[in-house]
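Q: For the protein sequence lines, the chains are A and B, in the order given. Going from the first sequence to this note's numbering is simple: count from 1 and add 48. Going from the second sequence to this note's numbering is simple: count from 1 and add 2.
It should be emphasised that the hints constitute simulated quantities derived from the structure, not laboratory data. No experiment lies behind these values; they were computed from the predicted model shown. Only true hints are included.
When the alpha-carbon atoms are kept at most 20 Å apart in a straight line, the in silico EDC-like pairs for lysine to aspartate or glutamate are as follows:
1) K404(A) - D255(A)
2) K46(B) - D140(B)
3) K244(B) - E29(B)
4) K244(B) - E224(B)
5) K101(B) - D79(A)
6) K109(B) - D77(A)
7) K109(B) - D79(A)
8) K404(A) - D351(A)
9) K404(A) - E384(A)
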Amino acid sequence: MRIAITAASVRCAAGDALVPPTRCWAAPDPDALALGIPGVARATCPDDPRFPDDRKGSLAAAVLSALPPPPPGARVGLYLGTGLSSLTPAELALDLYPHVVAGGFDRLAMARDLATDRPSPRRHQPHRVTEVLGATVGATVTETSFSACAAAAQSVLNAARAVHRGDVDVAYAGGHDSMLHPIGYLSFVVLGALSPSRGRPFDRHRDGFLIGEGAAILRLQREQDLGPSDTVLGWIVGGGTSVDAYNVTHPHPEGHGASLAMRRALRDAQLTPGDIDYVNAHGTGTPVGDQAECLAVASVLGDVPVSSFKGAVGHTIAAAGAVELALCLGIFGSGELPGTPGLEEVDPELRAQVLKEPRNGVARHILSNSFGFGGQNCALIVARPG
Amino acid sequence: MQRHVKIIGASVFCPAGIGIFGLGPPEPGGVPGFDPIACGVPRKHLKTMTRAVQLGVAGVNAALASASGWEAIGPERRGLFVGASPQAGDAEDLAAALKACGGDPGKFAREGVPLIPPLWLVKGLSNNVLGYASAQHDLRGDNGNWCDGPLGGAIALAQAVHAIAEGRVDLAIAGGADSLVGAEAVVDGPCAEGAAFVVLAAGERGDSVVTAGIPTDDGLEEGFGQLGSAAVPVAWVRAWLKDRKVDVGGVRANWYS
Numbered sequence: 049m050r051i052a053i054t055a056a057s058v059r060c061a062a063g064d065a066l067v068p069p070t071r072c073w074a075a076p077d078p079d080a081l082a083l084g085i086p087g088v089a090r091a092t093c094p095d096d097p098r099f100p101d102d103r104k105g106s107l108a109a110a111v112l113s114a115l116p117p118p119p120p121g122a123r124v125g126l127y128l129g130t131g132l133s134s135l136t137p138a139e140l141a142l143d144l145y146p147h148v149v150a151g152g153f154d155r156l157a158m159a160r161d162l163a164t165d166r167p168s169p170r171r172h173q174p175h176r177v178t179e180v181l182g183a184t185v186g187a188t189v190t191e192t193s194f195s196a197c198a199a200a201a202q203s204v205l206n207a208a209r210a211v212h213r214g215d216v217d218v219a220y221a222g223g224h225d226s227m228l229h230p231i232g233y234l235s236f237v238v239l240g241a242l243s244p245s246r247g248r249p250f251d252r253h254r255d256g257f258l259i260g261e262g263a264a265i266l267r268l269q270r271e272q273d274l275g276p277s278d279t280v281l282g283w284i285v286g287g288g289t290s291v292d293a294y295n296v297t298h299p300h301p302e303g304h305g306a307s308l309a310m311r312r313a314l315r316d317a318q319l320t321p322g323d324i325d326y327v328n329a330h331g332t333g334t335p336v337g338d339q340a341e342c343l344a345v346a347s348v349l350g351d352v353p354v355s356s357f358k359g360a361v362g363h364t365i366a367a368a369g370a371v372e373l374a375l376c377l378g379i380f381g382s383g384e385l386p387g388t389p390g391l392e393e394v395d396p397e398l399r400a401q402v403l404k405e406p407r408n409g410v411a412r413h414i415l416s417n418s419f420g421f422g423g424q425n426c427a428l429i430v431a432r433p434g
Numbered sequence: 003m004q005r006h007v008k009i010i011g012a013s014v015f016c017p018a019g020i021g022i023f024g025l026g027p028p029e030p031g032g033v034p035g036f037d038p039i040a041c042g043v044p045r046k047h048l049k050t051m052t053r054a055v056q057l058g059v060a061g062v063n064a065a066l067a068s069a070s071g072w073e074a075i076g077p078e079r080r081g082l083f084v085g086a087s088p089q090a091g092d093a094e095d096l097a098a099a100l101k102a103c104g105g106d107p108g109k110f111a112r113e114g115v116p117l118i119p120p121l122w123l124v125k126g127l128s129n130n131v132l133g134y135a136s137a138q139h140d141l142r143g144d145n146g147n148w149c150d151g152p153l154g155g156a157i158a159l160a161q162a163v164h165a166i167a168e169g170r171v172d173l174a175i176a177g178g179a180d181s182l183v184g185a186e187a188v189v190d191g192p193c194a195e196g197a198a199f200v201v202l203a204a205g206e207r208g209d210s211v212v213t214a215g216i217p218t219d220d221g222l223e224e225g226f227g228q229l230g231s232a233a234v235p236v237a238w239v240r241a242w243l244k245d246r247k248v249d250v251g252g253v254r255a256n257w258y259s
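Start from the sequences and build out the full structure, keeping to the hints where you can.
A: Here it is in structure tokens:
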């Protein structure tokens with residue numbers, strides 16, 4: 049497989065440039081503060097009237113609108129990974145609270161309320177954004193992947209395969225998510241997954257992740273369909289997925305599922321471990337997750353440089369795989385391998401070559417990891433242009 | 003690489019019934035007599051599964067139980083492809099916390115949050131059928147989970163066929179599950195629940211036709227009302243069980259088990 053990335057667009061807390069982030073970004077949010085979360089990684093993005101009260105919809109619309117349209121007559125697909133829908137404070141107060149009755153909710157009254165007062169229920173359908181935006185690029189194929197934090201990476205891989213097979217001529221592929229809302233915060237607070245301070249993947253004192261939001265979409269085309277004016281930002285040359293088949297919230301402690309996804313990606317790309325020059329880790333900053341990933345990387349790829357962007361952009365959840373892949377495109381031609389924002393002291397227990405600071409180096413092939421609740425894993429390999 | 007694909011097992015849970023009893027006329031409503039424990043859903047996980055997830059895991063169990071020889075295929079060559087709907091963590095799990103706070107966000111954080119079950123988010127994950135069923139049957143291969151309304155299950159079926167045909171897996175379980183009973187006021191019409199899965203394996207020449215294309219919702223059986231992500235898989239499996247032939251919305255093949 050050799051699929052050209054002919055355009056890419058990203059929005060996240062680090063901005064909208066296709067370059068690896070270098071700084072930490074955390075700002076207070078009243079709803080987050082109420083739940084004891086000191087800061088979140090918020091992206092700058094205007095609200096889109098087509099997606100009222102849906103940040104992730106607005107984020108997806110913003111990144112798609114920044115991409116060039118498909119060539120005339122092309123068969124187009126839109127493949128998006130998405131996450132849990134936002135629930136606004138108003139919905140919490142108006143839709144849920146009034147219907148609390150002894151022992152639970154009056155669901156019928158709640159449903160009647162939702163149906164008559166607001167268009168809320170339909171906006172919570174995950175595929176709504178894909179359908180609405182698909183129409184704007186003339187997509188005849190739309191897919192909405194929901195694989196938790198591996199969703200966007202799986203969407204990019206499915207899109208690349210569809211282009212490779214010839215199902216579509218042009219694929220717009222990526223992901224979008226925002227859990228910067230009360231229910232989003234709440235979800236991770238009760239799980240104990242958020243850092244009480246900030247994100248610092250691979251750090252000796254890492255204690256959870258910084259919650260973020262973002263979107264990124266790549267435009268994918270076959271090599272033989274490229275025109276003289278097309279610029280290639282990178283090539284998707286392979287990918288692999290796996291399931292841990294272990295536990296819906298905890299990764300396999302030795303990263304078996306992650307290893308399997310990386311091995312499949314290498315085989316798909318017809319590469320050897322030595323061909324990978326840099327690994328953009330899932331690297332959330334949770335104690336267990338980082339350790340399992342480092343074990344997996346070392347077992348499959350050996351002593352390869354690894355870093356994570358999540359200390360700067362936060363964990364963009366379902367969008368992470370696309371956001372981080374888009375940022376990786378800036379590595380090609382930079383002569384530098386990125387460091388890990390937020391990292392102060394590398395955990396000596398980790399068996400991988402973690403980059404704290406950027407360092408000189410040329411990346412010919414980058415492997416990007418995404419792992420999700422449910423045990424779904426996806427590894428993508430991109431090659432430098434040329 | 004293109005390989006032939008065959009169906010070696012299937013399951014259906016719908017308002018008409020379970021398995022061959024589910025071939026009657028389509029009608030809205032629940033799956034009669036559905037008992038997740040009897041269908042092999044682990045008791046210890048029931049609390050973190052919505053009704054749709056219970057149906058989905060039961061559907062995978064039943065499909066695999068109907069297939070023979072699949073255990074000989076290694077776990078890393080077994081894929082799972084699922085169409086699902088947002089599960090929206092059970093609202094009941096928030097009721098105590100909301101009741102305790104009287105609508106005050108600060109009080110909610112201090113006094114309400116400790117009353118919420120820690121696995122509330124987990125219960126709401128839309129890929130829970132995939133997560134639980136893969137762990138139960140050691141399915142570690144290629145996979146996917148799609149939330150595309152009535153097309154979610156259809157996409158799962160098509161992607162599973164591609165995965166076998168392209169040699170990424172040797173066994174693929176594919177289908178969808180949903181439970182919309184009780185959502186009539188929201189979706190404006192009769193609703194149903196159900197699940198259906200097929201077990202696909204690489205076949206020999208003459209076994210089957212390699213399929214192509216993404217199925218559409220042309221094959222939905224309107225009598226069920228809203229069946230969500232289970233709609234197309236239920237239609238597929240009912241058609242297959244009836245005459246071992248499938249011709250549903252864009253994917254055309256004669257299947258032989």
